[in-house]
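Novice: With the hints as your guide, set chains B and C onto chain A.
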Amino acid sequence: MAVEFEPKIVGFLCNWCSYAGADMAGTSRMSYPTNIRIIRVPCSGRIDPLFVAKAFQMGADGVLIAGCHPGDCHYAEGNYHLRRRFALLRPFLDYLGIDKERFRLEWVSASEGKRFTEVVTSFTEQVRRIGPRVALGGPRAETSPAEVEAH
Amino acid sequence: MKQEARAPSEKRGGGQNTFSYYPGCALKSSAREYDISARLCCESLGIELRELADWTCCGASSAHATSDVLAVALPGKDLHAASEAGYPLVTACAMCFSRLKIAAHETADMATRTLAGDVSGNIVPVMHLLEVIDSRLASLVPNKGLAGLKVACFYGCLLVRPKAVAIDDAENPQVMDRLMRTIGAEPMPWAFKTECCGAGLPLARPDIVRRLSHRILLSAAAVGADCVAVACPECHANLDMHQAGMGGKHGGEVRVPVVYFTQLLGLSLGFSPYELHLDRHMVDPLPALSSKGLA
Amino acid sequence: MFVCHCGTNIAGVVDIARVVEAAKRMPQVVYVSDNKYTCSDPGQGSIKNAIGEHKLDRVVVSACSPRMHEKTFRKAVAQAGLNPYMLEIANIREHDSWVHAFDKEGATAKAIELVRLAVAKVSRDAQLHARQIGLTKRALVIGGGIAGIQAALDIANSGHEVVVVEREATIGGRMAQVDKTFPTLDCSACILSPKMVELSSHPRVTLLTYAEVVSVKGFLGNFEVEIRQKARKVDHASCTGCGTCWQKCPEKVKSDFDLGLGERTAIYIPFPQAVPPKPVIDLESCRYMKYLAFTASGAEGKKPPQCRICEKLCPTGSIDWEQKDKILTEKFGAIVVATGFKTFDHSAYGEYGAGAYPDVITGLQLERMMSASGPTGGEVRRPSDGAHPKTVVFVSCVGSRDEAKGRAYCSKVCCMYIAKHAIMLKEHDPEVQSFVFYIDIRAGGKGYEEFVRRAQEEYGAIYLRGRVSKIYQEGRKLKVLGEDSLIGRPVEIDADLVVLATGIEPSTGVVDLAQRLSISYDTDRFLVEAHPKLRPVETQTDGVFLAGVCIGPKDIPETVAQGSAAAAKVAALFSQEYITTDPMTATVDLMKCTGCMLCAQVCPFKAIGSQTMRDGKVLANVNESLCKGCGLCAAACRGKAIDLRGFTNQQLLAEVTSLWQ
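For the record, the sequence lines run as chains A, B and C. For the record, in the first sequence the residue sitting at position 140 is 1257 according to our numbering, with numbers rising by one throughout. For the record, in the second sequence the residue sitting at position 37 is 127 according to our numbering, with numbers rising by one throughout. For the record, in the third sequence the residue sitting at position 319 is 321 according to our numbering, with numbers rising by one throughout.
Since the hints were made in silico from the structure, they are not lab data. Every clue listed holds true.
Here chain B is said to cover these stretches of chain C; the calculated rule only asks that three of the stretch's residues, wherever they fall, bring their Cβ under 8 Å from a Cβ of chain B:
| hint | region |
| --- | --- |
| 1 | 352 to 360 |
| 2 | 468 to 475 |
30 Å max Cα-Cα, derived DSBU-like pairs, lysine-lysine:
| hint | chain 1 | residue 1 | chain 2 | residue 2 |
| --- | --- | --- | --- | --- |
| 3 | B | K240 | C | K472 |
| 4 | C | K292 | C | K314 |
| 5 | A | K1217 | C | K642 |
| 6 | C | K38 | C | K50 |
| 7 | C | K472 | B | K253 |
| 8 | C | K106 | A | K1125 |
| 9 | A | K1125 | C | K642 |
| 10 | B | K253 | C | K407 |
| 11 | B | K253 | C | K414 |
Which residues of chain A face chain C? A partial, calculated answer using Cβ under 7 Å:
| hint | residue |
| --- | --- |
| 12 | T1151 |
| 13 | P1159 |
| 14 | G1176 |
| 15 | Y1192 |
Idealized CB from N, CA, C, for every residue including glycine.
The following block holds chain A by itself, in its conformation from the complex (with noise of 0.2 Å):
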């Protein structure tokens, strides 16, 4: 293992707020971790919790969602529904052995640049002082490459 241990992390990002929000970052020139690996959907309500569960399953370290600020969702209350899905996946990732602090909602709109980059550099210490995890049935997925080609 390297002397830093450097997890991977997938953000599912809304595209009005948060993707915007993180081209701003961008676009301010800003830094954060490379870590993060956005994936654009088209509101975070979008999200379903089987994505999440892949994720994890794959062997992600860490998933941050962020959507719209509640009452902000450019299609009125999908973020409202996120809230609602996260709050029951929180605690059932607990009961897959999945550590909750590598699950993370966060608002960020679209004018959140620098928002967004604290986000992900706090998010990205906070999962790489947890560590690295095992995935799901089997090894690090890293480390076996063979079994990810499989599924």
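Specialist: Structure of chains B and C alone, referenced to chain A:
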């Protein structure tokens, strides 16, 4: 009383109609008639008042002006005792109510609680007697006991301010008006319900007290009130005791009896004016009451 | 696969050559090239050429954010003959090179993974086709105030039919109640009445007064609206508006239009210039209606008189007691909401008498008194004794800028109408002295600040910065206690009349209407625009537009401008022959759907309905015209029977999986 409050087996014995009662210093001395009439009314209405064991000064009117800690710690001690007893704490004095309720409000803040030390985490609700009776208005049989009596309900400052501890609207409170209407009296709409009576200045600046109280009484007289009803011993002292010295350069003489709301409630419940100590006031209310056939 | 350098924006951090090499080894990738600027003409040309040359059926562009150039590249691939939705963008600029400038190694590794992610998605892209639907070129305007009048006239003048629905018996709204307008002191009626008449006589305008919107179905271009025409008990087709009935009707009630200061009869027109100039019968106060109600209830006692005087006197026999509420169903392509406002009820202010003092009135009431056609014939009189007031106190911000009363916002027009009133009072009666208590004077607008200064300097209004703490009756006078905070002294004024500048709040019933239209409202019940800066008269519901004070407090010029703006939006919409819909909508797999309809419950746009299959099963059905593609339903569906085109479950799962390949 003390033993009752301390006996744990008694804690749940009283039910919803049992309250810890905090009389305060004024009701034990200059405002005895308020204490007596309040107890008579409550007994008649099935409200059990258990005098708080070993109660001490609430801190009015100087503690909060001199020490932040004492302002919470003094009433805090009584709150603590009330919490031990386990019943909501009721007081008839507006000043005691204000100090106790503010202390309860502020100790919700952990930092203040640490400062004040002695206050327990679970604080029983603090209520003014008006609130207790108001919450039982439905069970109070409406009667025509005081029919024809025009009452100017005076709330003063401490029952309705500050907002966090107020029992009613600060500008146009209605809780006492509702009670008066229920017992057949006619509460007069007037503009001085919550004006300053001069509060704690009667010794230092009696001139200010007289000027302010005079305005209140003139306004009550102008709307044709037969008497002013109060729920605070300080208001009563200023409006009643100082009336003789009013007038002169402040305008016309004014004679308006000032009584406690519990005394009017007591009359409607059938107690005699003498049981209610209506003869203890400086401005005799008995002529006004007897002219309406009430005494 | 096209990797963009974006000059040095990307190439300065990310090792493009390594990304290209890695991409070449990715499954299904047959062609990789890099460009200096892919978005440039040559860059786009190279994409088009490659599509033809290498028979590409899907394209990934690794460049800037898709929010930047997705549309550009979609167009480019479409020009090369591909379906425009067979394109994905890997964001290696905003999400990579720009934020990882100090970690070139990490940025390059991340770029490769982002490319792989996009490849995973693009290989599961399906051909999507935008649909075209027809539209009804007919607009509904809800509210007949100045905003609605302006919107309706502009739409009608651009050649389209308009229906105006107004709840009251006349159009004109609040502006009709106003005597003069600031800062020019134009007579309000003189500038409004011609517009009202123009609207009522316009060949393309249908006016439905005394009517309300009951329900709204459908979507952009194809709304179906139910409108209740309330029973007027007067046949407007034959009524000539001669006025005999309302002159002779014996039943008098307080006039809403005159804000309780004057009286009207049970059969009435709200004011002399009302449009239409034909009466309605107020069912609650009409004597015959009371008689009928009494008879029907079977109660004992003396019967009310039968009256029916209007019926006896009507020369055209237009009184129709049998007339009932009627529901009209109409089709529209667009809806403009212009529901306006009402004034704050000052009974919440106990310190100002809670509405108990007759000589404490509102600004709008003073406006009615000043109006020559108002209840006092244009004379300002104290409601208590009819005397002409000499000392008048104005209190600003009553129900505005007062969080304790739940009204944190500024009502915007009060400062100006106070100044107007102070000027007009002095013009009515030179002996009047006005005092104005204010918090701040907000006079932003052309000629506004100058107007306020005129009130002070030429008309002698005394402005006192501070709030009024109490008003009470003392004899015939009103004692006003306040503070002049600039000199830090309490002020007492013995006033004859106190005018409260009551704030603006949305009209009654606006929340119900907003829910019927699926548009949002804020905590103060003002309707919410699609974007406060750039889409000020649009809503989140396509085809529904807003105008005027229903969005937030504003003055007449701004309201008129918004009416025209909403009309322009409608006209632009109606300039199309059909509407193109976004194909990234939800779709139901009928083989999997169990008809639980959970999707319909979560859908914020009511886009999911049900359909009955031949075997009697009731399954979900997406109305693609209403669907906005949020995907809430797809995430909610238990059986994964509903999916979102462009962001399918399969695609998103593949994206996740790709990160470990």
